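Since the structure of chain F is already known, use the hints to place chain Z on it.
Read off the chains here:
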Amino acid sequence: MAKKKIDFEKLKEEIKKIVSEVSEIPQEQLKEDARFVEDLGIDSMMALEIVANIEKKYKIVIPEEEIPKIRSLKDVYDIMEKLLKTKKGK
Amino acid sequence: MVEWDINKIKEVLPHRFPFLFIDRVLEVDVNQRKAVCLKNVSINDYFFEGHFPQHPIMPGVLIIEAMAQSSIILFASLKPEIAKLKPDYYLGKVEAKFLKPVNVGDVLILEVEGEKILDNVGVVKAEAKVNNESVAQAKLTFAVKINR
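Residue numbers (numbering that gives the first Met the number 0), protein chains in the order written: chain F, 0 to 89; chain Z, 0 to 147.
It is possible that some hints are incorrect.
Said to hold, decoys possible - Listed next, the in silico BS3-like pairs over lysine-lysine satisfying Cα-Cα at most 30 Å (straight line):
{"id": "1", "chain 1": "Z", "residue 1": "K83", "chain 2": "Z", "residue 2": "K144"}
{"id": "2", "chain 1": "Z", "residue 1": "K138", "chain 2": "Z", "residue 2": "K9"}
{"id": "3", "chain 1": "F", "residue 1": "K68", "chain 2": "Z", "residue 2": "K83"}
{"id": "4", "chain 1": "F", "residue 1": "K56", "chain 2": "Z", "residue 2": "K78"}
{"id": "5", "chain 1": "Z", "residue 1": "K85", "chain 2": "F", "residue 2": "K68"}
{"id": "6", "chain 1": "Z", "residue 1": "K9", "chain 2": "F", "residue 2": "K16"}
{"id": "7", "chain 1": "Z", "residue 1": "K144", "chain 2": "Z", "residue 2": "K99"}
{"id": "8", "chain 1": "F", "residue 1": "K68", "chain 2": "Z", "residue 2": "K9"}
{"id": "9", "chain 1": "Z", "residue 1": "K128", "chain 2": "Z", "residue 2": "K9"}
{"id": "10", "chain 1": "F", "residue 1": "K58", "chain 2": "Z", "residue 2": "K9"}
{"id": "11", "chain 1": "F", "residue 1": "K56", "chain 2": "Z", "residue 2": "K9"}
{"id": "12", "chain 1": "F", "residue 1": "K15", "chain 2": "Z", "residue 2": "K138"}
By construction, these hints were calculated from the structure, which means they are not laboratory data.
Bear in mind the structure is a predicted one, so any value in this text is a computation, not a measurement.
Chain F extracted, bound-state conformation (with noise of 0.2 Å):
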């Protein structure tokens, strides 16, 4: 079976929407590079709420590990880019 392809562009979009719902941040707020403590004000429950939102919606586990690594938009994408890669393997 052809491997289907992760639309990265959807996905960021998807991503950025769940931030912006859980922070109440507007979406064109929201710089790639904009990290999340600092500049944005998101405390660590909102940050655990994302993370509880995106884990349902794409049917995933991110590392609990991994969690104190995501600082910023940017992090989410490369975490999200890296799991979805490994589960399409699968």
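Frame of chain F; chain Z shown alone:
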């Protein structure tokens, strides 16, 4: 799985009268990350004095509080080494729906399921039931802070 009596509940929950809203823990499943707790709603509950004198119904915020206390039971079962340090538990966010009033004499069953629980934060899905019918549903986010 052995039920928890009130003494074991008091070991985990810092709450006391008149703010302890769990009478018994029926089940804790660490693998499924689920806990089921029980509260007997009695006319002797102090809040009925004012809510409301002619029409006693359990305040929705206290159903949420009971869900939050059930979440602590779940957290303590999943992270016993942290619970042992008697941390402070903070409620961060609640999204709730109230479906039916809870009346005097009802047995309130509180089911909580961990969506994601880390050492210092958690997200749980909670449902309160009476006679196996859903009376309230909520998603709670909480933080756990160890006092140094």
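Quick rundown of the hints versus the structure:
1. Z:K83 <-> Z:K144: It holds: about 12 Å lies between the C-alpha atoms, which stays within 30 Å.
2. Z:K138 <-> Z:K9: Holds. K138 of chain Z to K9 of chain Z sits at ~24 Å (cutoff 30 Å).
3. F:K68 <-> Z:K83: holds (27 Å)
4. F:K56 <-> Z:K78: holds (26 Å)
5. Z:K85 <-> F:K68: holds (27 Å)
6. Z:K9 <-> F:K16: Judged against 30 Å, a Cα distance of about 41 Å means the pair is violated.
7. Z:K144 <-> Z:K99: Violated - the C-alpha atoms of K99 of chain Z and K144 of chain Z are around 34 Å apart, more than 30 Å.
8. F:K68 <-> Z:K9: violated (36 Å)
9. Z:K128 <-> Z:K9: It holds: about 23 Å lies between the C-alpha atoms, which stays within 30 Å.
10. F:K58 <-> Z:K9: Given pair K58 of chain F, K9 of chain Z is violated - Cα atoms ~36 Å apart, limit 30 Å.
11. F:K56 <-> Z:K9: Measuring from Cα to Cα gives roughly 37 Å; hence the hint is violated.
12. F:K15 <-> Z:K138: Holds, at roughly 21 Å.
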